[in-house]
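Peer 1: Spelled out from the first residue to the last, the chains are:
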Amino acid sequence: MFIRKPGKTFTGKRVCYALITVLSVLFLASTLFATGAPEKEEDMYDKYAASVPQGCEPVPRECFEQAVAGKTFAMYDWAAWWPEELYEGFSKEFGIEIVRDNYPDLDTALAKFRLNPDTPYDYFLANPKSLWYLREQGNLHEVNHDWIPNANKYMQEEIKSASWDPGYKHCVLTTLGFDAYVINSNFIDKNDPRIPSWKFVFEGGKAYQGKLVMRNEMNRVIGNALKYLGYSLNSTNEKELAEAKKVLLRLQPYIMAFDSWPKRAVLAQEVWVVEGVVHDYLYLGGLIPEGNPFIAAYPPEGCLLSPMLITIPKGGGNPAATHCFINYLYRPENFAKLINATAYGHGHTAVDDLLTEDVKKWMVPPKGYLKKCEVLTPASFTGIGEKMRADIWKELKK
Amino acid sequence: MGLKKFFIKKKANLSALPVVGPLSIWILLFVLMPLAVIFIISFLGRDITGSIIPSFSLDNYRLLFSEGSEYAKAILRSILFAFATNVACLIIGYPMAYWIVKHGGRFKPLLLLLVIVPSWSCYIVRIYALKQLVGYPGILNNFFLKIHLLASPVEILYTAPAVVLGLIYIWLPFMVLPVYASLEGINPALLEASVDLGATPAARFLTVTLPLSKGGIFGGTILTFIPAFGDWLVPLLMGGNKVWMAGNFIAHYFIVIGDLPLGSSMTVFLTAAIVLMIYLCIKLGGEEAIERIL
Amino acid sequence: MKFRKKGKVLLVIAIIGYLFLWGPIIVLGVFSFSSDSYGTRWLSFTAKWYGELFQTSAIMDAVIRSLIIASVTVLAATAIGTLAGYGLYKYKFSGRRVLRTSILLPITVPYIVMAGALLVYFTRVVRIPLGYPAIIVAHISFSAPLAVFITLGRMQRIDWSLEEASIDLGANRLTTWIKVTIPLLLPAIFSSAVLIFPWSFNDFTITYFVAGVGTSTLPLYLFSMLQYSLKPVLINGISLIFILLPTIAILVISSLQRESKKTR
Numbered sequence: 000m001f002i003r004k005p006g007k008t009f010t011g012k013r014v015c016y017a018l019i020t021v022l023s024v025l026f027l028a029s030t031l032f033a034t035g036a037p038e039k040e041e042d043m044y045d046k047y048a049a050s051v052p053q054g055c056e057p058v059p060r061e062c063f064e065q066a067v068a069g070k071t072f073a074m075y076d077w078a079a080w081w082p083e084e085l086y087e088g089f090s091k092e093f094g095i096e097i098v099r100d101n102y103p104d105l106d107t108a109l110a111k112f113r114l115n116p117d118t119p120y121d122y123f124l125a126n127p128k129s130l131w132y133l134r135e136q137g138n139l140h141e142v143n144h145d146w147i148p149n150a151n152k153y154m155q156e157e158i159k160s161a162s163w164d165p166g167y168k169h170c171v172l173t174t175l176g177f178d179a180y181v182i183n184s185n186f187i188d189k190n191d192p193r194i195p196s197w198k199f200v201f202e203g204g205k206a207y208q209g210k211l212v213m214r215n216e217m218n219r220v221i222g223n224a225l226k227y228l229g230y231s232l233n234s235t236n237e238k239e240l241a242e243a244k245k246v247l248l249r250l251q252p253y254i255m256a257f258d259s260w261p262k263r264a265v266l267a268q269e270v271w272v273v274e275g276v277v278h279d280y281l282y283l284g285g286l287i288p289e290g291n292p293f294i295a296a297y298p299p300e301g302c303l304l305s306p307m308l309i310t311i312p313k314g315g316g317n318p319a320a321t322h323c324f325i326n327y328l329y330r331p332e333n334f335a336k337l338i339n340a341t342a343y344g345h346g347h348t349a350v351d352d353l354l355t356e357d358v359k360k361w362m363v364p365p366k367g368y369l370k371k372c373e374v375l376t377p378a379s380f381t382g383i384g385e386k387m388r389a390d391i392w393k394e395l396k397k
Numbered sequence: 000m001g002l003k004k005f006f007i008k009k010k011a012n013l014s015a016l017p018v019v020g021p022l023s024i025w026i027l028l029f030v031l032m033p034l035a036v037i038f039i040i041s042f043l044g045r046d047i048t049g050s051i052i053p054s055f056s057l058d059n060y061r062l063l064f065s066e067g068s069e070y071a072k073a074i075l076r077s078i079l080f081a082f083a084t085n086v087a088c089l090i091i092g093y094p095m096a097y098w099i100v101k102h103g104g105r106f107k108p109l110l111l112l113l114v115i116v117p118s119w120s121c122y123i124v125r126i127y128a129l130k131q132l133v134g135y136p137g138i139l140n141n142f143f144l145k146i147h148l149l150a151s152p153v154e155i156l157y158t159a160p161a162v163v164l165g166l167i168y169i170w171l172p173f174m175v176l177p178v179y180a181s182l183e184g185i186n187p188a189l190l191e192a193s194v195d196l197g198a199t200p201a202a203r204f205l206t207v208t209l210p211l212s213k214g215g216i217f218g219g220t221i222l223t224f225i226p227a228f229g230d231w232l233v234p235l236l237m238g239g240n241k242v243w244m245a246g247n248f249i250a251h252y253f254i255v256i257g258d259l260p261l262g263s264s265m266t267v268f269l270t271a272a273i274v275l276m277i278y279l280c281i282k283l284g285g286e287e288a289i290e291r292i293l
Numbered sequence: 000m001k002f003r004k005k006g007k008v009l010l011v012i013a014i015i016g017y018l019f020l021w022g023p024i025i026v027l028g029v030f031s032f033s034s035d036s037y038g039t040r041w042l043s044f045t046a047k048w049y050g051e052l053f054q055t056s057a058i059m060d061a062v063i064r065s066l067i068i069a070s071v072t073v074l075a076a077t078a079i080g081t082l083a084g085y086g087l088y089k090y091k092f093s094g095r096r097v098l099r100t101s102i103l104l105p106i107t108v109p110y111i112v113m114a115g116a117l118l119v120y121f122t123r124v125v126r127i128p129l130g131y132p133a134i135i136v137a138h139i140s141f142s143a144p145l146a147v148f149i150t151l152g153r154m155q156r157i158d159w160s161l162e163e164a165s166i167d168l169g170a171n172r173l174t175t176w177i178k179v180t181i182p183l184l185l186p187a188i189f190s191s192a193v194l195i196f197p198w199s200f201n202d203f204t205i206t207y208f209v210a211g212v213g214t215s216t217l218p219l220y221l222f223s224m225l226q227y228s229l230k231p232v233l234i235n236g237i238s239l240i241f242i243l244l245p246t247i248a249i250l251v252i253s254s255l256q257r258e259s260k261k262t263r
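Chains as they are written, first to last, in numbering that gives the first Met the number 0: chain A, 0 to 397; chain B, 0 to 293; chain C, 0 to 263.
Isolated chain A (complex conformation) (with noise of 0.2 Å):
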């Protein structure tokens, strides 16, 4: 802000001039950076296609073709999680470009699909809630099984026959999150009895003297009080949902924040209690010099399993190059860049021998823990489920 005392004049023209040039030719210049394509050959495919190592397939003919064609290949996915090396490896071996765009979180990405059914991605990162929202609208192709060979051999047949995409026809599981809760055992005795149950999270406010952090999110918080209660998560019996209710309120004065990137709270030690996806966290901890200090804790009532899901909007125009990349990310040595990146859980059968020891260790909930937990559905976030979850979440915002 440049008020000057009235009277004086100005007498910056010269410098107004210079600024205005600067940012002209900025502009010039950054448009010429937007232009240049490869040129391609013929036997491209060929080639490609003898470079595929042991054990893994190349996609179709047609299918490269049509990937390579389209040029360019258009992610909306998140910032920052997944090794860059995997979208550079993707980009080289095949000479497509990629465009990366990144949501701040699942449910504003899909406020944009919803406002603009065309929003012209190839590639979505989706949750079950979004994959169940664009498949409703029509607004995702099929996944074409013949063109990701990889993923056909590679992928666990529970995973193919999943509840949140009856039939296998819309998409593919890239990871498995366990939304259950992680201890800071520097604080928190982890010889506590209620641990690993919900227990503690919902009756040991004292314990953690309202250090708690849960997610932002409506139906993962809710979600989880109705396991606790030993309900299912995508409950819509009204009974039940009172009394997650009358739980959640109770909890209400422990609850520190809400908070969607609760990391820097959880390192600078503010929080003691997080409930989240827990190999965030094991992860996070495996960074700190002095040791790791989280321990995450698999409640045995069971918790919501949160999938990351590749699907292909309709919008987008090149879908052959999100099967291309689907094929070459389930490649196992690709795949297991992925898992030792961000200690996830997965359903891919080849990729345990190449985790790293910490990654394996953090990675493994108890046996058969799967089959406890729960995938958000339907009942949960549409019509009278969400409605009688989106009241309780209102009376907690007080």
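Some hints could be false.
[To be verified] DSS-like cross-link-like pairs, simulated, lysine-lysine; straight-line CA separation at most 30 Å:
1) Lys-205/A - Lys-244/A
2) Lys-397/A - Lys-245/A
3) Lys-371/A - Lys-386/A
4) Lys-230/C - Lys-359/A
5) Lys-47/C - Lys-336/A
6) Lys-282/B - Lys-91/C
7) Lys-91/C - Lys-91/A
8) Lys-371/A - Lys-238/A
9) Lys-168/A - Lys-152/A
10) Lys-189/A - Lys-230/C
11) Lys-70/A - Lys-189/A
12) Lys-107/B - Lys-178/C
13) Lys-336/A - Lys-91/A
14) Lys-107/B - Lys-230/C
15) Lys-89/C - Lys-282/B
16) Lys-360/A - Lys-371/A
17) Lys-205/A - Lys-213/B
18) Lys-238/A - Lys-189/A
19) Lys-205/A - Lys-397/A
20) Lys-72/B - Lys-238/A
21) Lys-145/B - Lys-7/C
22) Lys-397/A - Lys-370/A
23) Lys-178/C - Lys-360/A
24) Lys-313/A - Lys-152/A
25) Lys-397/A - Lys-72/B
26) Lys-198/A - Lys-336/A
27) Lys-336/A - Lys-230/C
28) Lys-91/C - Lys-213/B
29) Lys-244/A - Lys-72/B
30) Lys-91/A - Lys-178/C
31) Lys-89/C - Lys-145/B
32) Lys-178/C - Lys-101/B
33) Lys-189/A - Lys-386/A
34) Lys-91/A - Lys-70/A
35) Lys-213/B - Lys-7/C
36) Lys-178/C - Lys-89/C
Treat the hints as calculated values from the structure; they're not laboratory data.
The hints should help you fit chains B and C onto chain A, whose structure is shown.
Peer 2: Quick look at chains B and C alone, frame taken from chain A:
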């Protein structure tokens, strides 16, 4: 003022068209029309996937008033928070502006620059930094505990006062600037005259300076109260999303639930409240409230 | 005696105000040099994050996009905003009051509302392609009012007799504009640019909704990064750069001005 009147020409002057035309068209096309779209949507319905159904109904407004008592409470809470923000900004901002005008000397532009520069970094990053400062264990708490000025930590983060603190932090510069502009515009001869008439410094401030800076105060109010009223990111980040303001409701229905019509009806209500408040500011602060806004 | 005490109170409040505004920024800056990748505690001094920043192509691309958008917005919004501010001050016309009140709407209606409204409007009503065109159009409508208000405030402190004289001496309107009015308005134009540029550069909500493929700006990237990134300290670094660079630029420009005034 006389000069100003001299220059203001007759009504419906066509020569005003080339200068105010572009902005008027722009505002009409890209502000008023989109808001009109929201107004229309607020009367429509939606299906189970959240797609809008073109069927006229007043359901959304009925929901807003019958079942939406939480929303009414959130509006009241927003008014309270925005009012607290506004008053605090005035209490800190007015003396700041006054001090710059009085003692700034040739450093005035620099001092004003120092007020505005912090708002050059991304909103969310600043709040993130503020959290680091006031949290527990945070920098301030650790420091004051170490030098034994505090016996026990002040755990303010994730409470309603923290929300107000965040709002003050974001909007304070926008109180200082208009107040500065109006203080700077006061004719020193008026102050001298009051001294000649034997007024004490306090009386001089109350009878001359304060009334003459009224426009700046109301201009600052427009720029602090109203944005604070519609804010939703500060309650989300500073308040740990435990205390909802009106904006949070709208964001929740727009983004999480995807109920555009209901969200729109909330929006229409909020926008109407905002327009009413702007009107009040102009009524109370005079034309100057707008002209001295920055 | 009493007066001096009052002066001291003023000084104390001013200092508190400045500390309050700058404290978090200083924290950001200091921790950007800590080797802790979360930027939350002090381990040891390092400048490596700055090196990493310039090597992260996603961040650099986003910075370039943000610069393009902010530059165009500044040029267009300052132009139409200054013109309108001039018109609002000089002319009385029907609809003046309405215009003046409605330009307050963009800066006061919650962004989340305008963002949703603009996205629906752009995609279903006027069909402006999402991406650069939509972002820039949205940014202009939100920042032009700032220029209007700055111009209005500035114009009251301008001695208009020069313009009057120019017309009296027979210069036509256009010449008067170029030779007299624009130079008189330059400080306002400059202030507008200084205020609008960071506004446009840092906007998140509106940009997010109207952005197209491959037009993610810096704030969009930073927001998404907060979720998973293991190096949020990069955010500290980039924020500090974009506070310091413009400040230094402005200080240099204003000191150059002072120099040129002296030599005249």
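Peer 1: For this structure, which hints from the list above don't hold up?
Peer 2: Hint check: 7, 11, 14, 17, 18, 22, 23, 26, 30, 31, 32 and 33 fail, others pass.
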